[in-house]
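Chains as they are written, first to last, in UniProt numbering: chain A, 1 to 79; chain B, 1 to 374.
If you're looking for bench data, these hints aren't it; they were derived computationally from the structure.
Wrong hints could be hidden among the right ones.
Here are the simulated DMTMM-like pairs of lysine to aspartate or glutamate, each with C-alpha atoms no more than 20 Å apart in a straight line [stated by the list, open to error]:
{"no.": "1", "chain 1": "B", "residue 1": "LYS130", "chain 2": "B", "residue 2": "GLU195"}
{"no.": "2", "chain 1": "B", "residue 1": "LYS266", "chain 2": "B", "residue 2": "GLU21"}
{"no.": "3", "chain 1": "B", "residue 1": "LYS158", "chain 2": "A", "residue 2": "GLU68"}
{"no.": "4", "chain 1": "A", "residue 1": "LYS67", "chain 2": "B", "residue 2": "ASP106"}
{"no.": "5", "chain 1": "A", "residue 1": "LYS71", "chain 2": "B", "residue 2": "ASP106"}
{"no.": "6", "chain 1": "A", "residue 1": "LYS71", "chain 2": "B", "residue 2": "GLU221"}
{"no.": "7", "chain 1": "B", "residue 1": "LYS196", "chain 2": "B", "residue 2": "GLU123"}
{"no.": "8", "chain 1": "B", "residue 1": "LYS158", "chain 2": "B", "residue 2": "GLU187"}
{"no.": "9", "chain 1": "B", "residue 1": "LYS266", "chain 2": "B", "residue 2": "GLU256"}
{"no.": "10", "chain 1": "A", "residue 1": "LYS67", "chain 2": "B", "residue 2": "GLU221"}
{"no.": "11", "chain 1": "B", "residue 1": "LYS273", "chain 2": "B", "residue 2": "ASP263"}
{"no.": "12", "chain 1": "B", "residue 1": "LYS266", "chain 2": "B", "residue 2": "GLU187"}
{"no.": "13", "chain 1": "B", "residue 1": "LYS230", "chain 2": "B", "residue 2": "GLU187"}
{"no.": "14", "chain 1": "B", "residue 1": "LYS269", "chain 2": "B", "residue 2": "GLU256"}
{"no.": "15", "chain 1": "B", "residue 1": "LYS238", "chain 2": "B", "residue 2": "ASP106"}
{"no.": "16", "chain 1": "B", "residue 1": "LYS230", "chain 2": "B", "residue 2": "GLU353"}
{"no.": "17", "chain 1": "B", "residue 1": "LYS122", "chain 2": "B", "residue 2": "GLU321"}
{"no.": "18", "chain 1": "B", "residue 1": "LYS230", "chain 2": "B", "residue 2": "GLU195"}
{"no.": "19", "chain 1": "B", "residue 1": "LYS327", "chain 2": "B", "residue 2": "GLU10"}
{"no.": "20", "chain 1": "B", "residue 1": "LYS269", "chain 2": "B", "residue 2": "GLU279"}
{"no.": "21", "chain 1": "B", "residue 1": "LYS327", "chain 2": "B", "residue 2": "ASP348"}
{"no.": "22", "chain 1": "A", "residue 1": "LYS71", "chain 2": "B", "residue 2": "GLU107"}
{"no.": "23", "chain 1": "B", "residue 1": "LYS238", "chain 2": "A", "residue 2": "GLU77"}
{"no.": "24", "chain 1": "B", "residue 1": "LYS254", "chain 2": "B", "residue 2": "GLU321"}
{"no.": "25", "chain 1": "A", "residue 1": "LYS71", "chain 2": "B", "residue 2": "GLU156"}
{"no.": "26", "chain 1": "B", "residue 1": "LYS230", "chain 2": "A", "residue 2": "GLU77"}
{"no.": "27", "chain 1": "B", "residue 1": "LYS262", "chain 2": "B", "residue 2": "GLU321"}
Just so you know, these numbers come straight off a predicted model, no measurement behind them.
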Amino acid sequence: MSREQYQVPTGSPTADGGSFKVAPRDYVSGSSDNTMHYLCGDCAARVPLDKGAPIRCQRCGGRVLYKERTKRMVQFEAR
Amino acid sequence: MPHKPPTQEELERRKIVGIHEETITDVSSSDYPWTYPGEDHSWDIEAFKRNFRIEFHQNDPFEASFSLIGCDASIANAFRRIMIADIPTLAIETVFINNNTSVIQDEVLAHRLGLIPFKGGKEGLHKFLKWWRRPEDESQINNSYYDFNTVSLRLEVKCEHNEKAAPGETDPTKLYKHAHVYARDIEFCPVGRQEKYFSGENAIAPVNPDILIAKLRPGQEISLSMHMHKGVGSDHAKFSPVATASYRLMPVIKIERPILGKDAEKFAKCFPKGVIGLEKVTKQEAAQKGSGYEGHEGEVKAVVVDPMRDTVSRECLRHPEFKDKVKLGRRRDHFIFLVESTGQWESDAIFLEAVAHLKKKAQDLEKQVINMVR
Numbered sequence: 001m002s003r004e005q006y007q008v009p010t011g012s013p014t015a016d017g018g019s020f021k022v023a024p025r026d027y028v029s030g031s032s033d034n035t036m037h038y039l040c041g042d043c044a045a046r047v048p049l050d051k052g053a054p055i056r057c058q059r060c061g062g063r064v065l066y067k068e069r070t071k072r073m074v075q076f077e078a079r
Numbered sequence: 001m002p003h004k005p006p007t008q009e010e011l012e013r014r015k016i017v018g019i020h021e022e023t024i025t026d027v028s029s030s031d032y033p034w035t036y037p038g039e040d041h042s043w044d045i046e047a048f049k050r051n052f053r054i055e056f057h058q059n060d061p062f063e064a065s066f067s068l069i070g071c072d073a074s075i076a077n078a079f080r081r082i083m084i085a086d087i088p089t090l091a092i093e094t095v096f097i098n099n100n101t102s103v104i105q106d107e108v109l110a111h112r113l114g115l116i117p118f119k120g121g122k123e124g125l126h127k128f129l130k131w132w133r134r135p136e137d138e139s140q141i142n143n144s145y146y147d148f149n150t151v152s153l154r155l156e157v158k159c160e161h162n163e164k165a166a167p168g169e170t171d172p173t174k175l176y177k178h179a180h181v182y183a184r185d186i187e188f189c190p191v192g193r194q195e196k197y198f199s200g201e202n203a204i205a206p207v208n209p210d211i212l213i214a215k216l217r218p219g220q221e222i223s224l225s226m227h228m229h230k231g232v233g234s235d236h237a238k239f240s241p242v243a244t245a246s247y248r249l250m251p252v253i254k255i256e257r258p259i260l261g262k263d264a265e266k267f268a269k270c271f272p273k274g275v276i277g278l279e280k281v282t283k284q285e286a287a288q289k290g291s292g293y294e295g296h297e298g299e300v301k302a303v304v305v306d307p308m309r310d311t312v313s314r315e316c317l318r319h320p321e322f323k324d325k326v327k328l329g330r331r332r333d334h335f336i337f338l339v340e341s342t343g344q345w346e347s348d349a350i351f352l353e354a355v356a357h358l359k360k361k362a363q364d365l366e367k368q369v370i371n372m373v374r
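Bound conformation, chain A alone (with noise of 0.2 Å):
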């Protein structure tokens, strides 16, 4: 695939599987979605964290803190 093909998709996939509904979310100006999520590599607890904040656990103080995991859906094969 060539670069000027690719889109960032902004669907989000429905419970059901397989058909995507085309509704585009707005990351940037969402004001209850500017806060990211992230998981504590020390105590696995979801951090909530705005942009520009130490990047810190406000439960434990773990200063490693993993991505979540995509909200997309993923297909599979089962072979």
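Add chain B to chain A, keeping to what the hints say.
Here is chain B on its own, set in the frame of chain A:
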């Protein structure tokens, strides 16, 4: 010299594969034209009908054992191969993973799900459900799923701490809720006419509800939906309706000269239990001249009770005391089948379906051949 028709004994002998200490003789069949001068061995449907027999030894839903007697290895092998590779079953084919934070990777999880055997209403499975074909236009794939070709399943499990667990508890299944994900957690989502065919008793469900799919720890979650399609074993082993479908030839044990006393007991120990029995030599046998029993009245002798249970280990051929007293072999035209069903079909129905399938194949071939010569 005019040709003499073969005796019954001779005909029996021709059917035996010889099993010797280190070699096997007469492996291939000889009942075809031009093997024996003056004898007609061309294939004849009437002769086949006369000689062919089927005997059932065991017929349970998950395991059937039966004998095909009087047919060629090519036919028996065709049935075996059709049972393994050509009888359609329903299995999970696509997995749509919304979330999987367990330690088991998505593709491994999908593969494990695919291998789980499912059961459901027989009428719905065999008559109502049809093949699903991938549309030529990939963009039309979401319009190719119908109630008659796709079965939808869901699996939603989330592991949490169990507050009611006793202090000091170490068993993860008690310490956490949903620590183990089993096949019974899979939920069937009927669509359209599937309600009619797969409700109540007939619902699509795993045959073995206790299959462990994954293990979870608190905070981990599996959330996915699945599509099942019909398929055949030649495409993927998960579609095979049988765990094993195999055959073996009927063992033949022929005691040529009497085995008596202590030797008889030792001889019986050379075989699995129940193959060789011990009997007392009778008065008549002892009185018969040249039988080898003279003067042995009342002693035990070895007799063949149930050769089918023999594994043909050839243990008896290792011992010098049984030399020339016993002949081992297998009947070339007696196939003992063992069919183990995975649960979607009844084990005997798999064989019947294989017969129908072979017939269909033969009819298809006939059409092709007729077209070819026209």
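Consistency of the hints with the structure:
{"no.": "1", "hint": "B:LYS130 with B:GLU195", "result": "16 Å, holds"}
{"no.": "2", "hint": "B:LYS266 with B:GLU21", "result": "18 Å, holds"}
{"no.": "3", "hint": "B:LYS158 with A:GLU68", "result": "16 Å, holds"}
{"no.": "4", "hint": "A:LYS67 with B:ASP106", "result": "17 Å, holds"}
{"no.": "5", "hint": "A:LYS71 with B:ASP106", "result": "14 Å, holds"}
{"no.": "6", "hint": "A:LYS71 with B:GLU221", "result": "13 Å, holds"}
{"no.": "7", "hint": "B:LYS196 with B:GLU123", "result": "11 Å, holds"}
{"no.": "8", "hint": "B:LYS158 with B:GLU187", "result": "14 Å, holds"}
{"no.": "9", "hint": "B:LYS266 with B:GLU256", "result": "17 Å, holds"}
{"no.": "10", "hint": "A:LYS67 with B:GLU221", "result": "16 Å, holds"}
{"no.": "11", "hint": "B:LYS273 with B:ASP263", "result": "16 Å, holds"}
{"no.": "12", "hint": "B:LYS266 with B:GLU187", "result": "58 Å, violated"}
{"no.": "13", "hint": "B:LYS230 with B:GLU187", "result": "19 Å, holds"}
{"no.": "14", "hint": "B:LYS269 with B:GLU256", "result": "18 Å, holds"}
{"no.": "15", "hint": "B:LYS238 with B:ASP106", "result": "18 Å, holds"}
{"no.": "16", "hint": "B:LYS230 with B:GLU353", "result": "16 Å, holds"}
{"no.": "17", "hint": "B:LYS122 with B:GLU321", "result": "57 Å, violated"}
{"no.": "18", "hint": "B:LYS230 with B:GLU195", "result": "18 Å, holds"}
{"no.": "19", "hint": "B:LYS327 with B:GLU10", "result": "16 Å, holds"}
{"no.": "20", "hint": "B:LYS269 with B:GLU279", "result": "15 Å, holds"}
{"no.": "21", "hint": "B:LYS327 with B:ASP348", "result": "34 Å, violated"}
{"no.": "22", "hint": "A:LYS71 with B:GLU107", "result": "17 Å, holds"}
{"no.": "23", "hint": "B:LYS238 with A:GLU77", "result": "12 Å, holds"}
{"no.": "24", "hint": "B:LYS254 with B:GLU321", "result": "16 Å, holds"}
{"no.": "25", "hint": "A:LYS71 with B:GLU156", "result": "15 Å, holds"}
{"no.": "26", "hint": "B:LYS230 with A:GLU77", "result": "14 Å, holds"}
{"no.": "27", "hint": "B:LYS262 with B:GLU321", "result": "11 Å, holds"}
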